[in-house]
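2 protein chains.
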Amino acid sequence: MAAGPSAVEAKGVLRDILEALAECEFFDTGAEQPIVRFLHPAELQREFSAQLGENGANQEEIHQIVRQIVQYSVRTFSPHFHNQLFAGIDVYGLAGAWLTEALNTSQYTYEVAPVFTLLEREVLAQSLALVGYPPMPEADGIVSPGGSLSNMYGIVLARYHYFPEVKSKGLNGLPTLGLLTSEDGHYSITKGAHWLGIGTDNIFKVRSDELGRMDVNDLKSKIVEARKRGCVPFFVNATAGTTVLGAFDPLEEIAAICREENIWLHVDACLGGTLLLSNNYRNRLAGIEQSNSVSWNPHKMLGAPFQCSFFLVKGKNALHEANCAGAKYLFQQDKFYDVSWDTGDKSVQCGRKTDALKLWLMWKARGTAGLRHSVDVAMEAAEYFFQLVKNRPGFRMVLPKYQGSNICFWYIPPKMRGKLENEEWHKKLHKIAPDIKERMIMKGTLMIGYTPMVHKGYENFFRMVVNCQPPPTHENMNYVIEQIEHFGEDLGGD
Amino acid sequence: MAAGPSAVEAKGVLRDILEALAECEFFDTGAEQPIVRFLHPAELQREFSAQLGENGANQEEIHQIVRQIVQYSVRTFSPHFHNQLFAGIDVYGLAGAWLTEALNTSQYTYEVAPVFTLLEREVLAQSLALVGYPPMPEADGIVSPGGSLSNMYGIVLARYHYFPEVKSKGLNGLPTLGLLTSEDGHYSITKGAHWLGIGTDNIFKVRSDELGRMDVNDLKSKIVEARKRGCVPFFVNATAGTTVLGAFDPLEEIAAICREENIWLHVDACLGGTLLLSNNYRNRLAGIEQSNSVSWNPHKMLGAPFQCSFFLVKGKNALHEANCAGAKYLFQQDKFYDVSWDTGDKSVQCGRKTDALKLWLMWKARGTAGLRHSVDVAMEAAEYFFQLVKNRPGFRMVLPKYQGSNICFWYIPPKMRGKLENEEWHKKLHKIAPDIKERMIMKGTLMIGYTPMVHKGYENFFRMVVNCQPPPTHENMNYVIEQIEHFGEDLGGD
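For the protein sequence lines, the chains are A and B, in the order given.
Start counting the first sequence at 136; every next residue gets the next number (the numbering used here).
Start counting the second sequence at 136; every next residue gets the next number (the numbering used here).
Do not rely on the hints blindly, as some may be mistaken.
One copy or two, either will do: identical chains are not told apart, so a pair holds if it fits within one copy or between any two.
[What the hints assert, rightly or not] With a straight-line Cα cutoff of 25 angstroms, these simulated BS3-like cross-link-like pairs (lysine-lysine) come out:
(1) K463 to K340
(2) K470 to K591
(3) K470 to K451
(4) K566 to K550
(5) K566 to K463
(6) K536 to K591
(7) K563 to K470
(8) K562 to K463
(9) K578 to K470
(10) K470 to K550
(11) K525 to K563
(12) K566 to K578
FYI, nobody ran anything at the bench for these hints, they're computed from the structure.
Can you make the complete structure from the sequences, with help from the hints?
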């Protein structure tokens with residue numbers, strides 16, 4: 136107990152993780168096993184004891200516990216997992232993650248993270264090039280623990296840019312600040328407005344058009360409105376790949392407005408940034424290079440293991456100047472190496488995970504060509520799916536035109552077709568997606584998300600997400616439709 | 136390239152990580168290999184190419200690259216790594232981390248993280264009990280990406296508690312808010328003050344005493360001073376285990392003041408919280424149960440893999456009410472299971488890593504008894520080290536009394552002993568620690584931190600950190616002294 140396992144036993148514990156994954160088809164794309172063995176919380180508590188106690192478990196018990204954890208977890212690596220903006224992971228990304236965990240260090244200094252410092256710099260450099268930003272040091276970036284934090288970096292840097300005194304004086308004495316984002320933008324802007332002391336009332340939500348894209352005329356109106364209300368609008372959050380509809384805001388037009396109005400343009404490309412890798416689809420983000428800052432999550436569509444999020448920003452030393460606190464115990468200036476390689480004071484964090492290796496190792500193994508290909512495969516499958524749904528009786532698209540890796544649609548069961556679509560009909564439709572989802576989960580055959588969209592007056596619809604890992608096939612796309620029809624055909628009666 | 140490795144190859148890539156670790160003595164405590172093969176950045180760039188390109192690497196190249204990454208990384212798992220507040224990791228914690236990475240999901244909903252939801256709840260429940268907080272739902276907690284974020288949670292919840300309108304209205308219109316922390320407190324309070332819009336000028340730094348503990352009389356004075364300056368002091372950050380000196384602020388006395396003054400008491404126990412596991416040392420944190428919120432990083436002393444940080448708070452629904460944004464696409468209220476199990480809207484993050492498993496699996500394997508023992512072993516080694524240094528000619532303690540797992544001291548080389556300790560002497564002393572450190576790193580024999588402490592007028596001294604993993608021995612403690620003497624004995628001449 137005290138000394139812990141011997142070297143041989145320790146290696147055995149880790150090898151057992153590999154075996155447990157193999158047993159559950161982690162390495163196959165066959166998807167023979169259910170995607171989830173769903174149990175309600177009280178049932179799961181009976182089947183699986185999470186309880187910790189005074190005495191430890193022996194090796195055989197740990198062996199069993201590991202299997203239970205795998206057994207009752209959702210198989211996000213299944214080709215039938217379309218429930219979130221992430222899914223399976225690239226095995227080289229996982230290898231990077233395992234190495235990251237084992238080498239257990241923090242990204243903050245070159246001293247304790249020499250290789251990771253080079254790796255982070257390289258993936259950031261490649262990402263800056265993808266976005267079309269100038270190379271370091273004219274632009275910079277940092278790997279952060281997720282898109283919400285990356286978007287907060289954007290707000291903090293914009294605020295510091297216009298009001299550097301905010302760092303020492305705080306918001307008191309400054310004018311009320313206003314944030315602009317589309318009504319389809321991610322809720323991290325809302326959480327950021329609270330945390331950063333700006334207030335959610337000072338978010339101006341710009342209308343989106345029939346394709347879910349920010350309406351630039353309404354953006355102009357909202358800037359005027361903000362000023363009328365006594366706010367200083369200083370930050371526009373445009374989205375490349377909105378969370379639900381997967382829409383791309385018109386970045387060039389928005390950038391022109393921001394330039395004219397002297398407002399910081401941040402692009403939340405957490406989802407859509409991955410399309411920058413594709414020659415066929417990168418035009419969806421045309422104009423992104425005109426922005427001031429960008430968030431991109433390779434842990435979403437691209438299949439890097441969670442968490443792997445990048446914040447990129449134009450401006451020499453912008454990150455460091457805004458965030459530095461100069462802690463002497465960590466960033467000693469009299470160290471014997473060139474301390475400009477220490478990146479930690481650019482961060483709001485102190486200890487920071489060496490997440491860059493995950494993407495770096497994937498990228499190294501695949502090459503840019505391999506990553507590009509995987510994006511093109513996913514986008515082709517998504518477009519195939521869009522056409523499939525569009526032409527299928529009983530399915531109705533939320534957006535009339537193909538946008539990207541999210542495809543949103545209603546399923547209308549046979550009994551509800553050709554009926555008067557009055558309030559009662561819509562109320563019924565609202566129940567269809569949740570009911571189908573419950574059935575699918577209880578059988579463990581498919582996971583796909585649903586959501587209403589109140590600001591558009593839409594009742595619950597399905598949000599299909601196509602990711603790069605595991606590489607999607609037409610067969611898997613067909614399967615989604617078949618499953619929805621299978622579980623939904625008897626619904627919608629009186 | 137496109138399809139990626141076959142199932143057999145994929146398993147091989149992961150097994151190769153295990154082999155690479157074994158080759159570098161990851162599973163031994165022998166420490167035969169150098170702790171670091173230090174190369175300056177430009178040299179490392181020549182030895183190891185981080186460059187990513189159009190084409191991918193083949194399996195043999197990846198095999199070599201993995202070995203290079205390990206070879207040039209710092210062996211934080213060495214018994215001679217005392218450089219940071221973290222070090223080696225528990226192999227069961229690593230097994231949990233590998234599983235976490237492979238099962239790639241987000242903690243936000245029970246739907247995609249059923250087992251992880253139970254595991255997080257259990258480690259939080261155990262942590263609440265350790266701290267002496269009431270059980271859920273009277274208290275609550277969340278796993279966050281590090282201590283800085285956990286401390287920011289504390290500030291945000293305190294602010295929301297006194298001024299709930301801050302969420303919608305922001306800080307404009309509110310009085311200027313004041314934060315109190317000791318001059319030895321962690322710099323995350325500084326970064327938090329900037330990010331959260333409070334301003335670093337509104338941090339009131341309380342003096343610490345000769346043992347590095349917050350001076351409660353000065354705390355009272357600073358509260359008065361804050362009010363005189365027109366601030367509303369609403370948050371006291373007390374520290375259990377300060378970053379450099381490892382000191383424990385007197386929590387009971389501070390709690391009494393906070394109660395009287397109606398100020399939120401947050402305890403940054405990121406380092407020292409681990410002592411709550413020990414019957415012998417938990418009295419260092421007496422009074423912690425009287426606080427409003429606590430941060431604890433099991434990824435520090437206890438040896439959970441980075442990142443594993445807990446934020447704990449008293450008050451039913453306090454976390455949820457402050458942070459919720461009610462995103463409908465994710466936290467649908469019409470799901471078929473009890474959605475009160477969805478924890479995501481308590482978080483400032485959206486996607487959130489399932490970090491709890493790391494600690495949970497360690498705890499399961501060791502039992503509370505095993506964790507307690509490992510803390511007691513570490514503390515005994517630390518006390519042994521303290522006595523060793525205290526009684527050794529040429530060494531001088533920064534603190535006269537043993538505090539905890541950090542031991543700070545100066546090494547005075549023979550040539551500097553018995554001399555007049557004038558300004559020139561102190562200037563010379565300031566160079567000793569960095570010079571010894573450079574030599575040790577270049578030889579790869581030992582890593583130990585050093586720092587000045589300007590507010591106490593101290594020139595550079597060593598900060599020795601004793602962690603639970605790998606379990607420290609007296610031999611390893613002796614080794615530190617011998618190394619410092621070996622590399623320092625000729626220094627300090629004219």
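Evaluated hints:
1. K463 to K340: between (42 angstroms within a copy, 16 angstroms between copies)
2. K470 to K591: between (58 angstroms within a copy, 21 angstroms between copies)
3. K470 to K451: For K470 and K451, the Cα distance is within 25 angstroms only inside one copy (23 angstroms; across copies 47 angstroms).
4. K566 to K550: within (14 angstroms within a copy, 83 angstroms between copies)
5. K566 to K463: For K566 and K463, only the inter-copy Cα distance (15 angstroms) is at most 25 angstroms; the intra-copy one is 58 angstroms.
6. K536 to K591: Cα proximity of K536 and K591: one copy only (17 angstroms, versus 66 angstroms across).
7. K563 to K470: Between. Shortest inter-copy distance 15 angstroms satisfies the 25 angstroms Cα cut-off; intra-copy 68 angstroms does not.
8. K562 to K463: Result: close only across copies, 17 angstroms inter versus 62 angstroms intra.
9. K578 to K470: This pair counts as between: shortest inter-copy Cα distance 16 angstroms, intra-copy 60 angstroms.
10. K470 to K550: between (74 angstroms within a copy, 23 angstroms between copies)
11. K525 to K563: within (21 angstroms within a copy, 78 angstroms between copies)
12. K566 to K578: within (19 angstroms within a copy, 68 angstroms between copies)
Violated hints for the displayed structure: none, as all numbered hints are satisfied.
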